[in-house]
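Build out the structure end to end from the sequences listed, making use of the hints.
If you read the sequences in order, they're chains A and B.
Just remember that the numbering used here sits 114 ahead of the position in the first sequence, which is counted from 1.
Just remember that the numbering used here sits 129 ahead of the position in the second sequence, which is counted from 1.
Be aware that a few hints might be false.
[Said to hold, decoys possible] Ranges between beta-carbon positions, derived for each pair:
| hint | chain 1 | residue 1 | chain 2 | residue 2 | range |
| --- | --- | --- | --- | --- | --- |
| 1 | B | S183 | A | L271 | 46 to 54 Å |
| 2 | A | V425 | B | G198 | 29 to 37 Å |
| 3 | A | G168 | B | M130 | 53 to 61 Å |
| 4 | A | R320 | B | D176 | 34 to 42 Å |
| 5 | A | L343 | B | S183 | 31 to 39 Å |
| 6 | A | E238 | B | R167 | 51 to 59 Å |
| 7 | A | S278 | B | M130 | 50 to 58 Å |
| 8 | B | S183 | A | R153 | 29 to 37 Å |
| 9 | A | F288 | B | M130 | 38 to 46 Å |
| 10 | B | G139 | A | R320 | 19 to 27 Å |
| 11 | A | L343 | B | Q184 | 28 to 36 Å |
| 12 | A | G494 | B | V174 | 54 to 62 Å |
[As the list claims (entries may be wrong)] Listing some non-contacts, in silico: residues in chain B with all C-beta distances to chain A over 12 Å:
| hint | residue |
| --- | --- |
| 13 | K132 |
| 14 | M140 |
| 15 | E154 |
| 16 | L156 |
| 17 | E157 |
| 18 | V159 |
| 19 | D176 |
| 20 | T178 |
| 21 | R179 |
| 22 | S183 |
| 23 | S187 |
| 24 | L188 |
| 25 | G198 |
These are computed hints drawn from the structure, not numbers from a lab.
For glycine and all other residues, C-beta sits at the position ideal for the given N, C-alpha and C.
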Amino acid sequence: MAKSKTKKPKKRSPEERAARRERWERVGRFDAYVAERERKQRRLVAVCLVGIAGLVVLSALFSPGLPKAEAGRANLLLVLVTGITAGGLSCLAVQGGLLATAVTQRTDTDLDAIRARYVAGEVEELRLPRHDAHPVLWFLGAKVGTYTLLGAGLGSLGDLIQPSPTGRAFLQMFTALYMLATALHLLRVHPVFRHVIIQPPRFVTRRIRRQAKEGGAFAPATLGAMTVLLPCGVTQAMMLLAITSGSAVIGAATLFTFTLATSPLFFLLGYFATKLGDLLHARFTKVAAVGIALIALLTLDAGLRLANSPVTFAAIKDSVFAGAKPVAATQGADGVQEAEIEARSTGYSPSTVSVVAGRPARLRFVDAGGGCTLSLVFRGELIAIRNETVVDLPAQRPGEIRYSCAMGMYGGRIRVVEKGATA
Amino acid sequence: MTKLKLVVRGMHCGSCAMSIDDALEELEGVAEAKTSYRKQTTKVVFDETRIELSQIESLIRSLGYEAAGA
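See the structure below:
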């Protein structure tokens, strides 16, 4: 049998052994330093997240003064909450990756180089270079600015393509269904909901990737602006909401609020290049999905009201709980029934007026500080309320006439009842 | 050149598809990569003499997704 040749370990001198020991100790110190730094960053991110969540809760609790005057403003708080949580979605990871490519960031390669120098004893001080916040801020600033302009454009487009209240009603209902599908996609209810996500064309994504790699002084801001070509599902839903607002101002406010709300978390993740992990991502996704679903339900309700549907949340609520008692029209001197309805910032008051069947009626809509309520949709006709606007109603058969503001957010009813009957 | 379709699991949105294409096309030997978030697939065109399928699958896994032959 052949003898196996085993190599005897080379004897090291005491100096060599000391140098090896020193290197291993340096490796240990460096790795411990990096681990502790990352732990501190994660703690800071967690504190900031708790702070952001606290701000959201506080603003929700103490915002009764937030008027629902302007159409769409009631949605902005929900848009804010969705944006803050949507900032944690995974498509953020790709935008963060673009940012990291374009700016001077500490990469794993740099970390390896610093580690090698420290372990070799070329560097004595154990310190990692600080991250530079300016590129991240430029990126986010350009992103928010571009999306705000986009929102204004989409709102204007919505104004152009919604010539009639009926058209707006159907667009709102379509938007609501799209947003519900987006929420169901986020919750991974069924693979079919993946189809609501619109993927940008390949030439767009190639261009963005090339821009990220080319770098340059203006790269962060350019990339931030180009993220408008990479909307994730949540952003696409918000863009549709901007269209349905039919207003450049509200469309701009919607996308401004949303992208600004995504910024704090994006900044933290981009600045620290910290991964929060799948658990937090899953939680953020669920909260964002709930936010989108709530906005979708509000939008659907508005669309149904605008379409004169008898089924709205207010109608369901009135059928379960006793709604406001109708106010009966008074008899005018000329024999015409009269009722005064105030267009307030919080809706129409009284919301339900009763008139007697078979007799004409005169409805006086009075400007009482209303916002979108001053744009009245009555029997398919758009009427602008100026100080006091009179709508003449010829004699009607028993039944109900519904009306709403032009956005469908606030509505009212005229109950036509038989003489002597209670409404 | 070999054309192959892989099933990719774990993508969250269309931007994930973009990051996969970006990473794959950086690999030497990969001529083209087309990832579809909707179909959850990646179509890769690569030179078998320069890169193996296992390296492509390994890269996709390193990005946090699962890859398997269609």
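Hints, verified against the model:
| no. | hint | verdict |
| --- | --- | --- |
| 1 | S183(B) x L271(A): 46 to 54 Å | holds, 49 Å |
| 2 | V425(A) x G198(B): 29 to 37 Å | violated, 50 Å |
| 3 | G168(A) x M130(B): 53 to 61 Å | holds, 56 Å |
| 4 | R320(A) x D176(B): 34 to 42 Å | violated, 21 Å |
| 5 | L343(A) x S183(B): 31 to 39 Å | holds, 34 Å |
| 6 | E238(A) x R167(B): 51 to 59 Å | holds, 54 Å |
| 7 | S278(A) x M130(B): 50 to 58 Å | holds, 55 Å |
| 8 | S183(B) x R153(A): 29 to 37 Å | holds, 35 Å |
| 9 | F288(A) x M130(B): 38 to 46 Å | holds, 44 Å |
| 10 | G139(B) x R320(A): 19 to 27 Å | holds, 23 Å |
| 11 | L343(A) x Q184(B): 28 to 36 Å | holds, 31 Å |
| 12 | G494(A) x V174(B): 54 to 62 Å | holds, 56 Å |
| 13 | K132 | holds, 16 Å |
| 14 | M140 | violated, 8 Å |
| 15 | E154 | violated, 9 Å |
| 16 | L156 | holds, 14 Å |
| 17 | E157 | holds, 16 Å |
| 18 | V159 | holds, 14 Å |
| 19 | D176 | holds, 21 Å |
| 20 | T178 | holds, 26 Å |
| 21 | R179 | holds, 22 Å |
| 22 | S183 | holds, 23 Å |
| 23 | S187 | holds, 17 Å |
| 24 | L188 | holds, 15 Å |
| 25 | G198 | holds, 19 Å |
Against the hints set out earlier in the document, violations occur for numbers 2, 4, 14 and 15.
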